[in-house]
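J.: Listed here are the chains, written in short residue letters.
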Amino acid sequence: MPRKSFRQALNEGLRLEMRRDPRIFVMGEDVAGGKGASGEQDAWGGAFGVTKGLLAEFGPERVRDTPITESAFVGAAAGAAMAGMRPVVEIMFVDFMGVCFDQIFNQAAKFRYMFGGKAVTPMVLRATFGAGTGSASQHSQALYPLFTHIPGLKVVVPSTPYDAKGLLIEAIRDDDPVIFLEHKAMYDDVGDVPDGAYVVPFGEAAVLRDGGDVTIVAFGRMVGRAMEAAARLARDGIEATVVDPRTTSPLDIDTIIETLEETGRLVIVDEAYPRCGMAADIAGIIAEEAFGLLKAPIRKVTPPHAPVPYAPELEAAYIPSVERIEAAVRGVVGWSR
Amino acid sequence: MQLAREDLLTAYRTMALIRVFEERVQREMSSGDIPGSTHLYAGQEASAVGISMHLGDMDRVASTHRGHGHSIAKGCDVDGMMAEIFARSTGICHGKGGSMHIADLDKGMLGANGIVGGAAPIACGAALAARMTGSGAVAVAYSGDGGFNQGTMAESLNLARVWDLPVIFAIEDNGFAEATASSWAVAGDIVARGAAYGIPAERVDGTDVFAVHEAAGRAVARGRAGDGPTLLHIMVPRYLGHFSGDSDTYRTPDEKRAMRTDRDCLKVFRDKVLPAGLLEMDQLDAIDAEVAALVDGSVVAARAAPRPDPATVATDVYVSYP
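Sequences listed follow chains A and B, in order. Under the working numbering, think of the first position of the first sequence as 1, with each following residue one higher. Under the working numbering, think of the first position of the second sequence as 1, with each following residue one higher.
Please note: incorrect hints may appear among the correct ones.
Unchecked claim - Chain A regions said to be covered by chain B (calculated; three or more residues, Cβ under 8 Å):
(1) 81 to 93
(2) 114 to 124
(3) 196 to 203
(4) 220 to 230
(5) 253 to 264
Stated by the list, open to error - Have a look at the derived ranges for each label pair, beta carbon to beta carbon:
(6) A/59 x B/271: 48 to 56 Å
(7) B/198 x A/39: 21 to 29 Å
(8) A/336 x B/314: 36 to 44 Å
(9) B/36 x A/285: 31 to 39 Å
(10) B/314 x A/56: 42 to 50 Å
(11) B/245 x A/68: 37 to 45 Å
(12) A/201 x B/312: 24 to 32 Å
(13) A/39 x B/181: 46 to 54 Å
(14) A/149 x B/310: 17 to 25 Å
Calculated from the structure, these hints are not laboratory results. Glycine included, every Cβ here is placed at the ideal spot set by N, Cα and C.
Make the full structure from the sequences, and use the hints.
T.: What follows is the structure, encoded as structure tokens:
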């Protein structure tokens with residue numbers, strides 16, 4: 001199996017789909033880069049190089065640099081999608097969706113329902129997310145719970161290059177608006193990625209490790225940390241199941257419940273804010289639907305209720321660490337009434 | 001006045017239909033059988049009609065909260081609209097959308113819109129699709145004077161010019177953003193704002209369907225020829241309050257009376273075509289009777305129609321959701 005980076009996997013997914021369907025086009029700020037300038041064209045390929053090289057193959061009509069006007073081009077994606085196109089929009093940082101939130105959650109997300117099931121709005125909004133790069137409060141958030149909250153949106157948070165490509169192709173082929181979030185500290189992560197097109201379906205969690213003592217649910221970059229914590233715990237005889245739901249909407253709650261039938265203990269690791277985040281959401285669903293399976297309280301491992309800080313020491317203290325995950329697991333395994 | 005007899009009849013019929021529809025909705029609101037509120041288009045009819053006479057089903061419009069007139073002019077079914085406003089399952093959106101979300105994609109009506117300023121980016125997208133597929137279609141972004149102050153409008157004007165999108169910004173200035181006068185709330189000049197983006201822009205008398213038709217014709221031709229966007233600043237009266245429950249005390253009785261006598265697009269039309277002998281009084285009277293009966297029938301049908309099944313409360317959220 002060929003080894004590819006997260007970035008390459010995404011680029012390949014876009015390229016294969018654009019070859020397949022001429023209605024698919026990408027747009028965003030500097031998705032090529034250099035538009036209107038006299039030097040290199042395709043100078044950037046997006047702020048993180050994900051769309052690099054697409055301009056040469058597909059040309060400027062289908063690889064569209066935009067002015068810095070997120071409301072206009074995100075809304076234009078929604079309008080183009082309703083008019084038969086299949087846009088894939090890049091927003092440099094998920095934080096910037098603050099300036100175009102209306103077009104996402106009042107417009108694109110609601111067309112189908114408001115219009116009585118007549119509208120189809122096939123669009124993908126790709127954005128980077130996540131802390132760990134010293135980018136501070138307005139370029140580091142993990143805002144997938146905000147979008148998960150909105151009926152009409154699907155939300156994808158891949159944790160491996162393989163999943164990134166398969167989920168992106170699924171997102172592009174999906175007929176609903178999809179928010180596709182890529183952790184900016186993971187673009188150089190390498191994994192096995194087949195050359196051809198394949199899909200990873202939405203709403204199907206990956207069970208990455210089987211163990212009888214505890215279920216750890218984690219998203220995005222936290223999946224790797226959960227796996228590392230699980231490996232450390234195994235040395236002390238504590239066996240963890242690790243579940244990556246891969247999409248927060250739809251959410252594969254059934255797989256989580258199935259693992260709880262064996263483990264009876266749940267730790268949820270989420271880089272998003274603790275209030276109304278995925279950890280809180282899953283804890284609430286499990287308390288309601290699987291209370292009888294629990295042998296111990298559910299534990300959430302999240303950042304504090306605070307914006308993402310700048311200083312490396314503060315940022316390290318902010319992001320859930322392997323040590324904190326390990327401690328949470330030891331806490332629930334050792335819990336007694 | 002280059003309209004054929006057929007077009008003259010269509011123009012009058014559509015304006016009269018919108019007028020009767022809106023005044024009927026206003027009356028029915030007081031019956032308590034219509035939920036929520038409505039924002040009515042009475043007085044502004046010549047704008048939507050003058051524009052839509054140039055449009056086919058492949059052309060798309062994105063509308064506002066005051067969208068009934070745009071919808072009727074774009075060919076939406078009047079029975080379906082009335083049933084929607086009455087929140088019936090036979091409504092054009094099966095009772096899910098209501099007055100502010102009337103849409104019929106097959107007719108190129110991309111939706112009324114509850115968010116002021118929300119439509120312009122969507123119309124730009126429809127225009128982008130037309131450009132990319134080479135369909136020759138155009139898109140219309142309707143807005144009021146209030147919506148024109150939103151940031152989405154500035155962004156959309158910029159994008160439309162940068163990408164030469166075949167989009168017409170139809171800014172219907174009815175003098176008031178809710179209860180706030182546009183003379184106070186709009187800085188500078190709407191035509192000048194369009195021109196500042198390099199977009200051809202002109203002011204149009206929105207009580208004269210002929211003037212709107214001519215200006216819109218230039219705009220649509222520009223779009224279809226690949227020459228990009230146009231802005232029309234269309235001056236219209238708003239006969240009724242901002243919304244159906246508006247006591248409308250911020251406008252004086254004289255002011256409201258005067259706009260009905262001096263700025264009535266139906267009267268302007270009659271005064272132009274009858275003395276010129278283009279149409280006969282009988283024909284227009286017959287149209288008045290016909291549309292009154294049509295709207296009457298739509299209300300009777302809506303009242304008799306079934307209400308939505310509560311079991312449909314969470315259907316059609318997604319195309320698919322595992």
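J.: Taking the hints in turn, state whether each one holds.
T.: Structure-based check of each hint:
Judged by the Cβ-Cβ criterion of 8 Å, the stretch 81 to 93 of chain A is covered by chain B as claimed, because 6 of its residues qualify and three suffice. Residues of the stretch 114 to 124 of chain A lying with their CB closer than 8 Å to a CB of chain B number 7, which satisfies the three-residue condition for coverage. Using a Cβ-Cβ cut-off of 8 Å, 3 residues of the stretch 196 to 203 of chain A lie near chain B, which meets the minimum of three, so the contact claim holds. Residues of the stretch 220 to 230 of chain A lying with their CB closer than 8 Å to a CB of chain B number 0, which falls below the three-residue condition for coverage.
Check result for the stretch 253 to 264 of chain A against chain B: violated, 0 residues qualifying (beta carbon to beta carbon below 8 Å, three or more required). For the pair residue 59 of chain A and residue 271 of chain B, the supplied restraint of 48 to 56 Å holds, since their beta-carbon distance comes to about 54 Å. For residue 198 of chain B paired with residue 39 of chain A, a C-beta distance near 25 Å keeps the hint of 21 to 29 Å intact. A hinted range of 36 to 44 Å for the beta carbons of residue 336 of chain A and residue 314 of chain B is consistent with their spacing of about 41 Å.
For residue 36 of chain B paired with residue 285 of chain A, a C-beta distance near 32 Å keeps the hint of 31 to 39 Å intact. In this structure the hint that residue 314 of chain B and residue 56 of chain A lie 42 to 50 Å apart at CB holds, the actual value being about 45 Å. Between residue 245 of chain B and residue 68 of chain A the CB atoms are about 40 Å apart, so this pair conforms to the stated range of 37 to 45 Å. At roughly 26 Å, the beta carbons of residue 201 of chain A and residue 312 of chain B sit within the given window of 24 to 32 Å.
Residue 39 of chain A and residue 181 of chain B have their C-beta atoms about 50 Å apart, which keeps the hinted 46 to 54 Å range intact. Look at residue 149 of chain A against residue 310 of chain B: about 23 Å separates their beta carbons, and that is inside 17 to 25 Å.
Going down the numbered hints, you'll see the structure goes against 4, 5, while the others check out.
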